[in-house]
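Enquirer: So the protein sequences, as listed, match chains H and F.
Each residue of the first sequence is one higher than the last, beginning at 1 in the working numbering.
Each residue of the second sequence is one higher than the last, beginning at 1 in the working numbering.
Some clues are possibly wrong.
Unchecked claim - In silico DSBU-like pairs for lysine-lysine, Cα to Cα no more than 30 Å straight-line:
1. LYS277/F to LYS73/F
2. LYS160/F to LYS308/H
3. LYS43/H to LYS160/F
4. LYS301/H to LYS286/F
5. LYS301/H to LYS215/F
6. LYS327/F to LYS286/F
7. LYS33/H to LYS327/F
I should point out that these hints are in silico values taken from the structure, not numbers from a laboratory.
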Amino acid sequence: MVQANDTLLEVQGLKKYFPIQQGFLRKTVGYIKAVDDVNLTIKKGETLGVVGESGCGKTTMGRCLIRLYEPTDGKILLHVENQTISVTELNRQEMHLFRRNAQIIFQDPYSSLNPRMNLLETIGEPLLVNGIARGRDLEERVKEVVTQVGLRVEHLRRFPHSFSGGQRQRIGIARALVVHPKLIVADEPVSALDVSIQAQILNLLEDLQAKFNLTYIFISHNMAVVRYISDRIAVMYAGKLVELGTKHELLSHPKHPYTELLLAAVPRTVDRLRGQRTVTPGEPPDLGNLPKGCVFHPRCKYARDICKVEEPKLRALRPDCHVSCHFAEELDLQGIDTPARVSVPMAGVR
Amino acid sequence: MANSQDVLVEVQDLQVHFHLHEGVVRAVDDVSFTIHQGQTLGVIGESGSGKSVSAQSIMGIVPSPPAKQIGGKIFMHLSDNGTGYRVVNLSELPPKGNEFRAIRGKEIGMIFQEPMTSFSPVHTIGDQIMEAILLHIPNVSKKEARERTIEILRRVGIPKAERRVDNYSHQFSGGMRQRAMIAMALSCNPKLLIADEPTTALDVTIEAQILELLKDLQQEFNMAIMYISHDLAVVGGVADEVMVMYLGLVMEHASAEEVFENPLHPYTQALWRSIPKIDGDLSRLKPISGTLPSPFAVHKGCPFFSRCDDRIVGVCDMARPPLVEVKPGHKVRCYLYTEQGKG
């Protein structure tokens, strides 16, 4: 891949295999290929939505990208301030270089906060462990970020139990934001929240992105949420990236049959189509025992003989449309009308 | 649908309070509704709205203590050997008595959100479904019960049912477990199926499969479904009537078309505006301001008052608005549609 100036993160051949161990000696008998050979680039200031069914590897990929999981293989390059950090090669001491730039927001605001740490300690910890600030300085920075996410400075000494789900998610966002990162991996940040609170958090994420020129990797199983917040969308299936494209193109004119299937299963809401959805039989495969050829072929209604033997590689149909399907050019797939984004992703530079 | 106007369950002025150390939670504060035979009632609400407790009250499985039914009646219309109807007040039956046990599982089936935790891990799926059949259907032999179990597992779309019947729940995927759960709930041909967020833990593709299955089975068995969910789009696809709940109260109750195309209550409208839609426009979401009030709070007026855009100070916060029928079949609990609000 050619490195353009607006590239923030480059992922090359990322793999994460979990061993399947059996017996008394825990002998490795096989591997769960949770993430298998993922290549992608993430541009500065964009939101990349990652969608797929549970078990498709989207969370594992997100965690590998910020090295919460050690990738089995592959390279991750972060381009910041005219230098390139090879994330997978950093040792423990050097990791703080990366942690200042990349942070994560977790799904469950109840289990991702330490109940014995108050707001100041929770949000201030990333500053402390990465050697960015201490003491008075730290408190100032925490106060600043607490206000930015819509919490109150008076509550700095309170503990997580005294906050609601939506407020806790704001704490999680503040903790990620406090080091002034470039990249935030948001792993299902609104899935555990009540419907009436989700919009508040989504709007907050958008505002913060505009204000600090943040780049998001937004992982979600909810197509409607991803459609709302993303600039580009990556679709994963059984550990593989099957389609990657701009939101408008991917949703309006999907190129991979799995993307079509996924979109068709979401209940429609506009009057004439209200409640309509298309039912397709089948389930995702067992990751320890993947089908031969294209991993999607057992569920694909367009599958032909070649799909059962030859695995399609992710290839570029157009510069901004990557798909792994043998018949991407000839298939005419159904999507959902989605207007192209009017403003450019870089509009929110400070 | 034939007999669509026939009443199956009638809930009147139901009130269920939870007495906890911290105070009293009015989980269900004033809920009345009717479920018609063969129809689907969708119940929409956020956490703490009382939607699950309402359903559990019909089923007689509200944990008591701490819960206590303060008031209200739940009538169920049961057919008497095909000769006629008898009406039972479920709320008067002791929940652990024989009479209620003959209804629970037989006349009313229930499926839960968590297909992972709803099965016993140490009994086979088949044994658990057979248990219901052996308990509720007179003079059925073990062999017949097993055959019936295989038959129903096949009907809910479990491949190789004759082998899967001897599997344990951990050998099933999430979607398959929910199918087995449906099989168990339907094993005695209930008249009412209570589905409490049955697809929330499932992927959208599997959810579509499960809902399609429920629709087919509903037609086949002519059963009523009480479908509880927080997902408006999903409810829009399955329900004939929709009831919107907030903090233990019914805020709006109307046909599904009405609720989605012409919502009247400010809460319903705000909820609909605040969620991203798969085919809606992409303009900025309009969130509902504020947060859910504490469950211990006592509201003199409308519980949605503090978050409502259309609130009338001096009216809405003074007394609880009544649930009024604004037009035939469309009920709303809001002063905007009463004389006080218009004045």
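Enquirer: The structure should be examined with respect to each hint, and the outcome stated for every one.
Expert: Tested hints:
1. LYS277/F to LYS73/F: Violated - the C-alpha atoms of LYS73/F and LYS277/F are around 38 Å apart, more than 30 Å.
2. LYS160/F to LYS308/H: holds, 24 Å
3. LYS43/H to LYS160/F: Since the Cα atoms of LYS43/H and LYS160/F sit roughly 48 Å apart, the hinted pair is violated (cutoff 30 Å).
4. LYS301/H to LYS286/F: violated, 39 Å
5. LYS301/H to LYS215/F: The hint holds at about 24 Å.
6. LYS327/F to LYS286/F: holds, 28 Å
7. LYS33/H to LYS327/F: At roughly 57 Å apart (the allowed maximum being 30 Å), LYS327/F and LYS33/H break the hint.
Figure legend: structure checked against the earlier numbered hints; hints not met, in rising order: 1, 3, 4 and 7.
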